[in-house]
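Colleague: Chains as they are written, first to last, in our numbering: chain A, 1 to 219; chain B, 1 to 152; chain C, 1 to 425.
These are calculated hints, taken from the structure and not from any lab test. C-beta: ideal position from N, C-alpha, C; glycine also. Please note that the accuracy of each hint is not assured.
Said to hold, decoys possible - Label-pair distances were calculated between CB atoms; the ranges are: (1) 303/C with 40/A: 44 to 50 Å; (2) 77/C with 171/A: 42 to 48 Å; (3) 75/C with 136/A: 35 to 41 Å; (4) 145/A with 60/B: 41 to 47 Å; (5) 84/C with 84/B: 37 to 43 Å; (6) 274/C with 36/A: 20 to 26 Å; (7) 274/C with 108/A: 50 to 56 Å; (8) 329/C with 60/B: 18 to 24 Å; (9) 84/C with 145/A: 23 to 29 Å; (10) 241/C with 6/B: 37 to 43 Å.
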Amino acid sequence: MSENDFLLLVRGPLLTGATIIFMLGIVVRLLEILVLGRKRNLAEPRGSAVKGGLRTIVMRSIAERETLQRTAFTEVTGWIFHIGFLVTLFFYTPHILLISKVAGISWPALPTTVIDALSIVTIITLLAVLIHRIGNRVMRFLSRFQDYLVWTVTFLPVLTGYLAFHRVGLSPTMLIAIHILSVEMLMVVFPFTKLMHAFTLFMSRYYNGAIAGYRGVNS
Amino acid sequence: MVEIANDDDFRRLLEGLDTAGQRAVAAHFVDNVLPLSGDDRIRHVTEIIAKPDAREDDLSMAFHTARTVTVDTHNRCGAECDWQDQAGYFVARAALAAVTPADQLAGGPAFQAAMSSRMARTCMGIGTAEDTAGQERQAQYRILSEFIQSQE
Amino acid sequence: MSGASLERGIHAFKEAIDAPVASFFSSCVRCGLCAHACLFFTETEDPKYTPIHKLEPLRRVWQQEYTFWGRLASALGLSKPVTDEDLADWETLVYDSCTMCGRCSMICPVGNDIAYMIRKMREGMAVAGHAPPGLIGATQRAVTIGSPMGVKLPALQAQIRQVEEETGMTIPVDVEGADYMLLLSSMEIMNFPEFIGALAKIFDQADVSWTISSNAFEATNSGIQIGVSEIAAELVQRIVDAVEKLKVKYVISPECGHAYMAIRWEGPNLIGKPYSFKVVHVLELLDELREQGRLKLSSKESQRLTYHDPCQIARRGGVVQQPRNLLNMVADDFAEMPETGTMNWCCGAGGGVSSNERADELRLTVFKRKKAQLDAVRPDAIVSACSNCRIHLEDGLEKYAMEIPVLSLTETIAEHLAEKDKSGE
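The following block holds chain A by itself, in its conformation from the complex:
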């Protein structure tokens, strides 16, 4: 297969397949949760569950002081690579162009130099996160195959994107094809793994805040 054919494959049927699995998978996973429902709370409320839920969705992003002292590495690296990943994904010109072609919406991009710097920071941070997951006793104890798989499919798009931009090693065609393939891997793995947290964390935080808010506690 020539490089161009490979690129066409990756941009064509593979992308379509990956997108279907991605979207269908997410919908199925969310429905699987919602369909279980929850029992109505018959106790007399002290506060508002809804307000509590919405509050926690936002406030849970801020680390609690005492725990932060114990877990600064995890919290800080977590912030960095999430922001790095998402900003690189949503504020890089070629990505915005792609989204605009597909969804018809667009927004201003950040300068490419910024994205470039952010990518390197993200790559380094992700490597540090992996070393921590392997080296730290609690992390190692908790981690399963899935955690390492997810790390890989999260890391590769950032790395391959960086390499594609800088035209390192292979031809531009191959580099971009590999980059798109790595994104497809991420999309396919997404609904079957903890990556679902990107969506379900809103629900979990809401439920948490609602349960607490009902009792008059800010969680």
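Go by the hints and put chains B and C onto chain A.
Modeller: Chains B and C in isolation, oriented as in the chain A frame:
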């Protein structure tokens, strides 16, 4: 003999005693219920606190011992209650009160020791029709009365 | 428990899994932060005490029963079903090393309420026969005798009689039409009967119309702790029946953490219908009286006090500010612990842990967390509002040779009450 008609009088008279006096009277209260405790350590504690010339470190040791016994003998949450064992717990609390600094106890060490001693007696009477606490109260009035007289 | 079996356990797990549970398990990213919020981990450094790990069997059931991929894998024989041995292995994690304090639930970055899930998991563990013997005994006694510690009415009556003699007051029992019905935990009746006298004094001064019910005086709900909702429901129903009979408006939950959670928040959901009465924690009521100017003090505490928040009352119960208002009223020198209010650390003994002799060593080891807080505050005395916390704090302080008395907030207030003006003016 001083007439003690009720707990108001009782408490007032006790609060009027000095530290050594309260401790001495408390020791008598504990002594009266000592048989209800199966713990030899409390007997030892009572011997120490009964001495008018007890030294600071002996009293300190008595305090720690009494406290250890209260912690050891309390009925743990969820465990089946044994009121005879609980009596031992209250005897230990009475002994502990006797050596606790006065400002930490409402009514003073002697009054608290008296209350805990009565509670120990109450435990023994649970399920019976006897007014065991009332009997103990009368005994305590008598003890206090005799003590005050002996001091005059 | 009769008829205990793995099958019943797995069935109970399945029943317990609702949308929140599914969402929580879907969201966990294995970040390990929950471990650092849990005193059972921080004081032992043993990763197996990581809160989310305590739920592993429940998670596997969720995955295998409620996710498409999981069901597919099960059908193809590719997944490991949860075995009886797994549940046996998890018993100490679920019961000995967790008090359902909920600190982990406050920390999880994706919002998982882990304590909520532990409570549900215990339902399955219990009917599978994997709950600690001490708890099983307590629950059986609760059903047959009415009290997990076997405290029967004559015992309460004896304590009441003594309290009446000491205080010179009458403790109202079975008074129809009173406003408030007081519940008591076995711990109070057995270990701290002076609590009853303290409340009697306060209510007398504040002119509160109250009573105790001879049919339903027990607040402790060990059904909640072991995780058998039917039993928990039965214990709540007794209270509901007594309320109906005496026609009271409010039920007072005493100084016991899990009792409050049981009657205030779980109760109506256990019996399947809302209450016709309101439940107040004794601290809520005392704070109301304070606000209305009905508590008159003649003296204050001058020693340096700090407050230990019972987890089920503060973080899980919502009664956070009231004890502080009361302490500011009664104390000249009230200092907060470094982590306080809804982020205070658990004492380590709630949720059935202190009933469980097997957990004694662990319970006393993790007390070091509370000790560290106390070393930072250096109080003359600790105040709390849960009899179980109180006993365990005393136990821990004893073990670590710390000279700090533990006081009940209610009793402390009662001690400083002014004599009631007998002239009625």
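Colleague: Compare the structure with each hint and give your call.
Modeller: Hints, verified against the model:
1. 303/C with 40/A: 44 to 50 Å: Roughly 47 Å apart at Cβ, these two residues keep to the hinted range, so it holds.
2. 77/C with 171/A: 42 to 48 Å: holds (45 Å)
3. 75/C with 136/A: 35 to 41 Å: holds (36 Å)
4. 145/A with 60/B: 41 to 47 Å: violated (60 Å)
5. 84/C with 84/B: 37 to 43 Å: holds (40 Å)
6. 274/C with 36/A: 20 to 26 Å: holds (23 Å)
7. 274/C with 108/A: 50 to 56 Å: Holds - the Cβ-Cβ distance for residue 274/C and residue 108/A, about 53 Å, lies within 50 to 56 Å.
8. 329/C with 60/B: 18 to 24 Å: violated (34 Å)
9. 84/C with 145/A: 23 to 29 Å: holds (26 Å)
10. 241/C with 6/B: 37 to 43 Å: holds (39 Å)
The structure does not agree with the numbered hints 4 and 8 stated previously, though it agrees with the rest.
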